[in-house]
Each structure stands twice: as C-alpha cells, then as structure tokens.
Amino acid sequence: MTAVEFQSVSKRYSAETPLAVANLNLLCREGELLALLGPSGCGKSSTLKMAAGLEDLTEGEILFGGRPVSALSAGRRNIAMVFEDYCLYPNLTIEDNIAFPLSVRGVDKNERRRRVGDVLAMLGLHDIAKRKVTDLSGGAQQRVAIGRAMVRDPDLILFDEPLSHLDGDQRIHLRAEISRLQKTRGITSILVTHDQNEATAMADRIAIMKGGVLQQVDTPARLYARPANTFVANFIGEPPMNLFPGEIGDDAGRITIPMLGEDIVIGDERRRAFAARRHSGLTLGLRPEHLIVEAAGDGADRQANAVVTYREPRGDADSLVLRILRDSSTMVAELAGPCTFRTGDKVRLRVPAANTNLFDSESGVNLEFDT
Amino acid sequence: MTAPLKSCKAADGLQLLNVSKTFDQTDVLHDIDLSVAPGEILALVGPSGAGKTTLCRIIAGLETPSSGQCYMNGTDITAMPPGDRRVAMMFESYALYPHLSVGDNVRSPLLARAKGGLPATASRHIERLLTVLEIAHLSDRLPSELSGGQKQRTALARALIQDPNVLLLDEPISHLDAKLRHKLRGEIRQILNARPHPTIWSTPDGLEGLSVGDRIAVLIAGRIEQIGTPEDIWLRPASVKVARLFGDPPINILPGELQDGQGRIDFHCRSVTMTLPPALAASAKTIKGRAAFLGLLPNGLTLHRGDDQASIATTVYSIESFGKYAIVTLITPPGDLIKLKTADVQDLKLGDDVGVRYASDQLLLFDGTTGRAAHVYS
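In the order they appear, the protein sequences are chains A and D. Take the first sequence: its letter number 350 is residue 350 in our numbering, and every next letter is one higher. To get our numbering, take the position in the second sequence, counting from 1, and add 371.
FYI, nobody ran anything at the bench for these hints, they're computed from the structure. Just to be clear, a hint being listed does not mean it is correct.
Restraint-style ranges between C-beta atoms, simulated for each label pair [as the list claims (entries may be wrong)]:
1) Ala-221/A x Ser-464/D: 57 to 65 Å
2) Gly-297/A x Leu-471/D: 46 to 54 Å
3) Tyr-468/D x Arg-326/A: 42 to 50 Å
4) Ser-464/D x Cys-339/A: 32 to 40 Å
5) Glu-602/D x Arg-323/A: 19 to 27 Å
6) Ala-485/D x Val-365/A: 50 to 58 Å
7) Val-365/A x Gly-410/D: 44 to 52 Å
Which stretches of chain D does chain A cover? Using the computed rule of at least three CB atoms under 8 Å from a CB of chain A, they are [said to hold, decoys possible]:
8) 641–653
9) 685–697
10) 729–736
List of simulated lysine to aspartate or glutamate pairs, EDC-like, C-alpha gap at most 16 Å [said to hold, decoys possible]:
11) Lys-183/A x Asp-723/D
12) Lys-659/D x Glu-628/D
13) Lys-695/D x Asp-619/D
14) Lys-695/D x Glu-289/A
15) Lys-554/D x Glu-238/A
16) Lys-183/A x Asp-155/A
17) Lys-720/D x Asp-204/A
18) Lys-612/D x Asp-169/A
19) Lys-712/D x Asp-316/A
20) Lys-695/D x Asp-316/A
21) Lys-550/D x Glu-238/A
For glycine and all other residues, C-beta sits at the position ideal for the given N, C-alpha and C.
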C-alpha cells in the first residue's frame, strides 16, 4: 500500500489562463479512497491527470510512498485507471480481459491463474468467466474493468467518473460494489466525480475543490456536519444548507435571528470561537432536516413566521420550501415523509442552537472550524 | 364518427381512451387510459423502453395510435394534424435549430404565431425564463457551442415559453448534474403551478416523478401499472415492479412462500422465516398460490448486535455514508442482499455480524406469481 502526496502542486495550461490547480497540498493515505469533488473547472480532472502522469506539473511534486514521480512517465508509475466508458477489449472474454495486464507483463501462467481466480471470486464472476465482455450489462462491464485494475496490485487506482455511463439501479449497485472491492483489496485510490452522492457513498475522505483551490478535505460526515466555509456548506447536501443572517447579542452566547423573530443561545463555550471578531455580522447555517416546523396561526402563542410555498415529496422524506413572512426570503425544511403540511400552511420555524454552524458573514469562513 | 366518452366525465383537459400502438407487430402501448386535468402535472414514470416517448408523440400527433382515441377539452383530436393541436413538446433529443442562437431558438415558437414583432413583455418573459434556467449568459451562442445540459435547458425554455393546450416534457432534466436537477425541479414545478394547461412530465427517475407530479402514472412495458398521488405510489405500490422504481435505495424484495400455521401465516424464504403481522396476514389471503414476495423498505429496518428471534441474521457487505444518512448493504448466509437506510453507522465495519429488525408497518407483501400487491388497507 502506498500513500500519495501532492506537495505545493500547481498547474497552468497557458500564460493567459488562470491556474487550473493552485498550490495544492493534499495527502491520500495508504489504502484510502479519496474523492476529488467540485463543480466543472474546479481542477479535479487536472489533479487526476497529473497523478496519472498524463499532464506535467507546472510547480510542485507528487510523491508515491515518499518517492517523487513527476519525472516518471505514466507507464512507469505502477498505477491503474478505471474510465467512465470501461475501455475493455471487446473481443476478449471476462477472464482474458482481467488477465491482460498480467499477460503483457509476462507473469507466469500459474501465478496468473491464481490471481485472476482471486479477482473473479471477489467479483462473483467465476461462473461466467469465459463469456465475452460484450454480453454483459454496463454495470457488469465496469466491474470487469475494476477487476482488471486490481489484478496486478498497483500502487494507486484512479477512478475517472466510473458511474456516469450507468442507469439508476446499476449505479446504486456498483456504487456499493466499488466501495466494497476497494476496502477488500485496500488499494490506495483516487476518485474523480462531479456527483456529491457518488463521492460521499464511496470515499473515505473527500477533497472539495473550487477554481483550482482546495476548500476542505474531510470525511463525508465531517463535511456534512462542519463545512469549512459557506461554499462547502452549499455544495454538500441536498437540499443545501440554509444560510441566513444572525446578530451576536450582548449577553452570554445569544444570537438574534431577525427574519424569524427568534433568539438562540449557543452558550459560552461556542461563543469563544468568535469573541475576537470586530463586527457582529454572522451567517448561520442549518441543515434542512434540523429546521423545526410547527403548525401555527395568527394567534399570539404560536405566531406564524413563515408559510409553505411548495412541498416536494421524496418518498421517505418531504422537502418544504418556506417563505419567511418578515422579509420574503426562502428557507428549506426536510421532514419524514409523507408529512401533513401543505402549500399555503402557516408555520412557526424554530432553529435548534446545537445544530447551527456559524460563519463569518464577510469571508464565509466557519468560525468553529479547526484544521 | 365520435366514440362515446366512456370514462371521460370531465371534458376539460387531456384524455386518452384505450390507446394502443403497434410497430411492426410489436406492441409498444397497450390500452392506455389516462386523463390529465387543466393545470395538473402528470408524471409519467417508467424505465427506458417502456413507451413514454411513443405516448408523448401520439398526444403531439407525431404518431397515430393503432387503436383508441385522444381528446382535448372534449374534442376528439385523434386524427387532427400536429400543427392544429397546439401541443408544446420538449423532445428528449432537444431538436434545436442548429443555425439559430439560444435566444432565437427560444423565441421561435412565439414568432411563428406573432404577426409583426414580439411585444416587449415577451422579451422580458424570455429573459426571466433563461435566467431561472441559468442560460441567460448563453443567449447568443449556437447550439453547437453548448454542452448537453445547456442544450437540454434551451429546449426546455423553448417548451416553457409557449402557451399551449398541452405541454409535454420528455425527460426534461435528465442530462443535468444532480445539483442543478434538484434546483430546477422545484423551479419548473412552480412555473407550471400557475399554468392552466395539463402537463405530462416523463422521467425514468421514480423520485423525480414523486417530486414533480400531482399524480403519477407508472408505465412499464407499454402498460399503465398504477396511477395515483405520490403518497399512493409510495405507501401502496400496486406491484413489485412499481415498488422497485421508487426509493433510493429501492425496496428490498425477498422471494419466498406463505405457510399456514395455527391461527397465523408465516412467510418463509431462504434468508428468513417470519410470522406475518395481523394486517399482512389478512391481505395474504388475497394471494392464490403459496408463492409470495416480501418487500422490506430500507428506512423501516434497524440494526442490532447479537442474536434475536425476531431478526434476520446478516453480515455487513458494504457501507455508504451520505452525511445525513448511510446506506448499509447486508448479505444473508444464503446470499440475499438487503439494503438499509440509517442515520447512524457508528462503529460498524465490513464483515461484522449483525441482526436486522423490521418495523411491522414497513413491510409489503406481493403475490409471487403475478407480482401484484397483496396489501389491503382499511
């Protein structure tokens, strides 16, 4: 197993264009599946190509197990790639496709049979090993491609959008399968995808990039619970995190949310995180499933502060789009489905203090994020 | 000759009666009965090849049904030429004019109807729509300069700008990335809420259908399997095929058989034997043979350590963590895979032996021969 380290890596394609990758410092640990995720143009594909040896580095170095590789050609890096369109040999059987990397390297016949047999067993393809790959569904072809990548125990496997050619059901199945195979073999892997669902489903950790700059690298659970800034907060999670203004009050950890007519108390401990700030502007972040929605009316005891403008059923969950009465801004709540709220219902929204994230309203940085 | 308006009480909106279509002796659509009310969005959900596009093309007049009738606001339009129907259709293949810019493509249906120039309100309307669809900055580009997703949004704008008798959206957002799909789904839905015409929105994605449809028609292999509200389809799927189309992950289906016990009915398969809860036992009586499918909803299952009579013995096969929830795939000793959705995976590892408990109100039962739902509801 091999760790892969990007040290101050930059990539510039031409003098006129901005950096595609800017001073990237990133460690993919031994045996880990690390996903590179971001909107198009974020630099994830350039990063993958540099690791593969398909693009030169403008600056910096890439280390495989502590060994610099930027001077090595792609063929000498001991990596395997899995592409979105499988790239199998259509005239070969499943077995021969998997054996191919061993054959070209002159691995002896017995060893070859043993290793191919292992991979076939892992993929559950033993019984149909002699079939042509063209007889298989897209999902099964991609599994063969993954088997071919794993059979020679490379230092690193690079997955380039491996699910994007597959339909819903096959995609859900293969997502779980890739994660299982990677864990079983423990081969260090980097996955590039634009789909946050795929990244969170498969990866141990995710590196979020934007405009060539690394924003945060963390486990899916940490990215979700404690995003480093408002970009990550908005990018991870569907529907995205609610971001809304708050004002720091004068006493112990009280924050006023003017648009809801609500105060929350975050306590002294959390208040310390922004004690040194000069301005009182805060952006609060709250996941839709944490927003509390209560039936309400015009009466004084539970006065409505929002109205349901749209309900989106999603089977086991419902999304509610809510218009805030005071300033007509929008918040989104997610409730267990099917829920009883309907379009036009007046509701009282409450913010549970414990689930909030606190961002600086100017820089967008999470005030409680420790690197 | 006008056919009698059989089940067609409301004359307004769109009605299809016994519509069938055969291509080269292959039946593509069988006896489709469908009505879409004014202002209603009907989500047409089915896997690829189910006949969704053919059905849209018949309504648009681009195909003639082999038998059956189409009515629009009470008028039989079965033989009416497409140009007279005022049907706006967004094609899955986009069908953009290659020589026209994005803006001109979107304007084209209005120009075809307007005498003289377009009123200023039309231009503002187009601009607003392009902004909602996030393609306003591409207004001067040609289709050849667009990505697949941008072309799809241009075609969508060209369909939404019209004021038709019927709007047909054939997989309108399937080629957009997940983020944009989530966002546009709601925005298009809200644009359509204010419209007086019936809309059909076809999609292979069951969850998209639940989100956008006032009602959902499930089309499988040319037949309507079920029509109902999102709640109907989710809580009371009419068949195994319908149930498998909705949910991420889809419902777990275990094939097995029913066994009569003393005053009880057991479901038995290679991975589990369970006594059916009373409500299911009652509905099991509607199953003729012994063969049955048990459906386990992924969010109705819970994990626990150790042995337990009322649980299924499994081993952890794969864990996918999504932040909000995780999907755990489990394998039973005989080799059935069961997927479970849970908020918390804690210290779970691959290869751990765990038991799966099921909430008795989250089970569904289907006839093992026909695949039809056995569940009855009071």
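Exercise. Compare the structure with the hints numbered earlier in the document and write down the numbers of the violated ones, lowest to highest.
Key: 1, 8 and 10
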